[in-house]
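Asker: The lines below spell out each chain.
Protein chains: 2
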Amino acid sequence: MAKPYHVTALGSAIVDVIAAVEDSFLLTHNIAKGVMTLIDEYRAHQLYTAFGSAREVAGGSAANTMAGLASLGARGIFAGKVKEDRLGAAFSASMKDLGVHYTTPAAADGPQTACCLIAVTPDGQRSMSTYLGAAREFTVDDVQESDIAAADILYIEGYLWDAPSAKAASLKAMEIARRSETRIAFTLSDPFLMGRYRDEFLELLPTLDIFFANEDEAKALFEVDEFDDVLQALRPFGNIAALTRSAKGCVIAYGSEVHVIDAVPVAKVVDTTGAGDLFAAGFLHGLAHGQAYADCGRLGALAAAEVISHYGARPETSLKDLAVRAELI
Amino acid sequence: MAKPYHVTALGSAIVDVIAAVEDSFLLTHNIAKGVMTLIDEYRAHQLYTAFGSAREVAGGSAANTMAGLASLGARGIFAGKVKEDRLGAAFSASMKDLGVHYTTPAAADGPQTACCLIAVTPDGQRSMSTYLGAAREFTVDDVQESDIAAADILYIEGYLWDAPSAKAASLKAMEIARRSETRIAFTLSDPFLMGRYRDEFLELLPTLDIFFANEDEAKALFEVDEFDDVLQALRPFGNIAALTRSAKGCVIAYGSEVHVIDAVPVAKVVDTTGAGDLFAAGFLHGLAHGQAYADCGRLGALAAAEVISHYGARPETSLKDLAVRAELI
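Protein chains in written order, with the numbering used here: chain A, 1 to 329; chain B, 1 to 329.
Some clues are possibly wrong.
Which copy is meant is left open, because identical chains are indistinguishable; a pair holds if it fits in one copy or across any two.
[Said to hold, decoys possible] Result set (SDA-like, lysine to any residue): computed pairs, CA atoms no more than 20 Å apart in a straight line: (1) LYS219 - ALA294; (2) LYS219 - VAL264; (3) LYS172 - PHE227; (4) LYS248 - ALA294; (5) LYS167 - ILE329; (6) LYS33 - GLY312; (7) LYS3 - ARG325; (8) LYS268 - SER94; (9) LYS320 - ALA50.
Keep in mind that the hints were calculated from the coordinates and are not lab data.
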């Protein structure tokens, strides 16, 4: 019997502040290119001022994935913490607009709603400075058993490991999933997280049904230099691994089944923010609908191609329409 | 007990005539871009004149592979037909210089030694017009049982199917290999061959130990549009498949074992002539020395990278030195 929801996601509830900058801006403001760096409230205020004109849109990695799933027509639940402030209201409204079920109560006090200051350079790369704020306050009490049990797949972002209480909440959600026939999907989120939680992620690996990583993250996890060595290191774990490789497309591996899927060509890469999040959306949509792994990968590639062809980390075109046209739905 | 030779190759004995041309030259002279077209003696003469200044060097797909193997330090035998003429003498001398054992007697009369008029466009693509001449005269009588039995691997180019007597000779060599514990490797050579011999190649497939194809050739063989579908179509055959994908690197598949190997970056692609031939050289060298399949693929990628970084289809640098430096030998 099908469950009422396709995916329940746990993630950081974040509002993105996006500005197009030159490479020199990254140097001047000491921003590491292409990765996510955590910052405190003071530095967030500094950078926000330096950004000047910027666009504010609801973001957060797993939340972007839920936006993608909604655009594909899937039913989803999102759990993540905001504060009762201007950005928190914007985040909640965005979830409601998308039709994503979002019930985590907003915090009445404590730190402000999280924001991610995204500097996009002319090459389309994004460098992120994240102030976690209220997102850190997500706790085990915010995990509703019924939300997890109601979905076919539980999706958790590795970023949550940066907040001890959110990590504890994630582990609780995984426990619930295991006894509820809900499959567990996890994304490594960022190569720098391997420096902080590599051993924990390696321990987690055998317990996952689905595992997302980009090439840099996977290489960092297994401490290898070649992509092929990642592929071989994964074989014993037996989970479905979806490995993204930017312009090289993706590789989907499930035991001895390996699929090499090309990227969907785009006229111009404008902003790679959300590429991995949207890939996950397409892939999870396919999985939740029982599609073949290769087609799940193709759906992921299609969703990623849409989001990198414009600024912002959420789709601007109906992914369902695109997928129907590509005969993937 | 190791055999005295690593590889015995059967191929067209051809001298390459290489000229750098603009794309407009291909249009004016009605040359199909990026593939090999067979031409008769009359058209060969016409094109040769139109080329103006050109470089003449010993070539031929499998012969180039033997040049690569020699550069890597392997021991090889080449079998293929030339005529007793100027180009035939040049071809024989090149084999001798390389240290490749070459004993096929040159024809005293009949058509001239084969030549391949290679037009290289500014994008590094090569378009080949081949006059097969004496190469067509290779027969079963030219196949020496001892040459096949003496090698660990028999390597045959699909191009030979264009000459009925050379095809018969190839099938005889495969028969000898089967009873001599010599592994059989075969390359599809050119996507256009699938139009002429697709069914025959599909019948051959289960009898091969090692199978080389580039992406276009493999798609044409299985009549599929996506690279991943090639990968899945190959699974039941159980041979070692080495699939090259130009800048995307290569994929090596052996049953449930799949390796995704990146291309070796080159500063500038000058001329892709010989890329597939040299990939095969590196791969076969690894195989003959019992290396892991992934390392065979890396050796192939290394040899291909060398040959595309200059004009001509044979290495200009010691591949052995390059491989030692890359810690692949």
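Asker: I'd like to know which numbered hints this structure contradicts. Please list them from smallest to largest.
Answerer: Violated hints: 3, 5, 7, 8 and 9; rest satisfied.
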